[in-house]
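**Q** Generate the whole structure from the sequences, applying the supplied hints.
Count along the sequence shown from 1, add 358, and you get the number used in my numbering.
Accuracy of the hints is not assured; some may be wrong.
Pair ranges (Cβ atoms, derived) [unchecked claim]:
no.	residue 1	residue 2	range
1	653	592	49 to 55 Å
2	394	696	33 to 39 Å
3	578	776	57 to 63 Å
4	638	779	49 to 55 Å
5	715	563	40 to 46 Å
6	644	440	39 to 45 Å
7	499	654	23 to 29 Å
8	708	638	50 to 56 Å
9	726	563	28 to 34 Å
10	723	674	54 to 60 Å
It is worth saying that the hints were derived from the structure and are not from the lab. Idealized CB from N, CA, C, for every residue including glycine.
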Amino acid sequence: MPKPGVGAGTDPAAEVVALASELIAIDTTNLGDPDLPGTEQPAAEYVAAKLAEVGYEPTYVESGARGRGNVVVRLPGADPSRGALLVHGHLDVVPADASDWTVHPFSGEVSGGHVWGRGAVDMKGMVAMTLAVARRLRRDGVVPPRDLVFAFLADEEAGGLLGARWLVEHRPELFEGVTEAIGEVGGFSVTLPGRRADPSTPADPVRAYLVEIAEKGSMLLRLTARGTAGHGAMLHEDNPIVTLAAAVTRLAAHRFPLVLTDPVRALLAGVAELTGVPFDERDPQAAVDRLGTLARLVGASLRDTANVTRFDAGYRANVVPSVATATVDCRPLPGREQAFARELAEVIGPGVDAVWRALPPVHTSFDGALVTAMARAIDGEDPGARLLPYLLPASTDAKSFARLGIRHFGFAPLRLPPDLDFTTLFHGVDERVPVDALTFGARVLDRLLRGC
359 MPKPGVGAGT
369 DPAAEVVALA
379 SELIAIDTTN
389 LGDPDLPGTE
399 QPAAEYVAAK
409 LAEVGYEPTY
419 VESGARGRGN
429 VVVRLPGADP
439 SRGALLVHGH
449 LDVVPADASD
459 WTVHPFSGEV
469 SGGHVWGRGA
479 VDMKGMVAMT
489 LAVARRLRRD
499 GVVPPRDLVF
509 AFLADEEAGG
519 LLGARWLVEH
529 RPELFEGVTE
539 AIGEVGGFSV
549 TLPGRRADPS
559 TPADPVRAYL
569 VEIAEKGSML
579 LRLTARGTAG
589 HGAMLHEDNP
599 IVTLAAAVTR
609 LAAHRFPLVL
619 TDPVRALLAG
629 VAELTGVPFD
639 ERDPQAAVDR
649 LGTLARLVGA
659 SLRDTANVTR
669 FDAGYRANVV
679 PSVATATVDC
689 RPLPGREQAF
699 ARELAEVIGP
709 GVDAVWRALP
719 PVHTSFDGAL
729 VTAMARAIDG
739 EDPGARLLPY
749 LLPASTDAKS
759 FARLGIRHFG
769 FAPLRLPPDL
779 DFTTLFHGVD
789 ERVPVDALTF
799 GARVLDRLLR
809 GC
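**A** Structure (structure tokens):
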């Protein structure tokens, strides 16, 4: 199906679908190899052109490597003494195998009420909403209450080291005066069964919108076992493959302790209040299990995790190698970093060397004028809906911006169908976002940025 073009209309909801479709069609796959040229430049140039078209003067920056394109613009506000608000999104996406998909992952196809393709939810949909609203504000001559900084970034899918982190370290003046930020992952709706006034009648559903206020840490762990290389027909007492396989098997079987953090406690208490089903802090897993498709996301927020994602060893079928390596994706909860590292070392055991590359957890409180403004913007489009905080078990560019003292909220507003298993679409096959959710999000974001 042909992709719609972006017209000259002033309503951000009218052009957000076309912007999302066209952005998805630009392949910005990030393979995670810092030695390869970046793929973000064409998307960054597209964004810069759309911003320049309405009168912005975009700053284009390549962050530490050729092709790692970033675009930043600032819309001055009425009160420069107030802290500026950063609205950020990343342009890169994870790889996608077209043979697994119903539609081509870089088609940007609009069909069946959805925009399809890699990045539809992570996160070119939010990039399109941000771009559409930024264009609307400029065209309408809006002077927002505070400075707004819009940033479209590279390399988030590889930790942002050649994106947001590089900009924070080398171009901090782009974010001068910024005190708060919104970006991924949050603002999406979940539908819950409401309280029953009469036990004999079904409860009316209620909608809540989850706002991310905390993230787990991200630790990339490289394990190495060494032994003596030799012929595969001989006896071997120090086969590094065996040593490492035993270590990662112990790690896979290990369960880190359950920890009820403040954001998860607030989320589960809020769900209990909306549904009328009590939340027992002594058994948070039971409350999580009642969350349906959301249980997978919140369940990963109850404990540290360490998942083996790569295992490499050997070069011939008849040779025992001298080295075996494995990569482990580790996600400790806020406040658990040191305890997690000690526990991990005990599980791995002797004979295996460990090298870390770590990004710390981040956390803020669920309060302040910005939270009030988010609630007001949601209520303007979905009256009676409730905001609830939560802890993201993954990572975003918030970790980089926290180095500048910026509070981050995951708020990319989407009103989703109750039966959509949204969390499985992140990095998943047939990634897609409902058209109605995108247009809703553009309207909410427009309301927020005019009154924050």
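**Q** All hints, please: hold or fail.
**A** Hint-by-hint comparison with the structure:
Range check, residue 653 to residue 592: about 50 Å between beta-carbon atoms, so the 49 to 55 Å window is met. The hint said 33 to 39 Å for the Cβ distance between residue 394 and residue 696, and at roughly 34 Å that hint holds. Range check, residue 578 to residue 776: Cβ separation about 36 Å, and the 57 to 63 Å hint is violated. The supplied range of 49 to 55 Å is broken by residue 638 and residue 779, whose beta-carbon atoms lie about 26 Å from each other.
For the pair residue 715 and residue 563, the supplied restraint of 40 to 46 Å holds, since their beta-carbon distance comes to about 43 Å. In this structure the supplied range 39 to 45 Å holds for residue 644 paired with residue 440, their Cβ-Cβ distance being about 44 Å. At roughly 45 Å, the beta-carbon separation of residue 499 and residue 654 lies outside the given 23 to 29 Å, and the hint is violated. Between residue 708 and residue 638 the beta carbons are some 41 Å apart, a value that contradicts the proposed interval 50 to 56 Å.
About 29 Å separates the C-beta atoms of residue 726 and residue 563, a value consistent with the hinted range of 28 to 34 Å. Take residue 723 and residue 674: their Cβ atoms lie about 57 Å apart, and the range 54 to 60 Å holds.
Hint violations for this structure: numbers 3, 4, 7, 8, all remaining hints satisfied.
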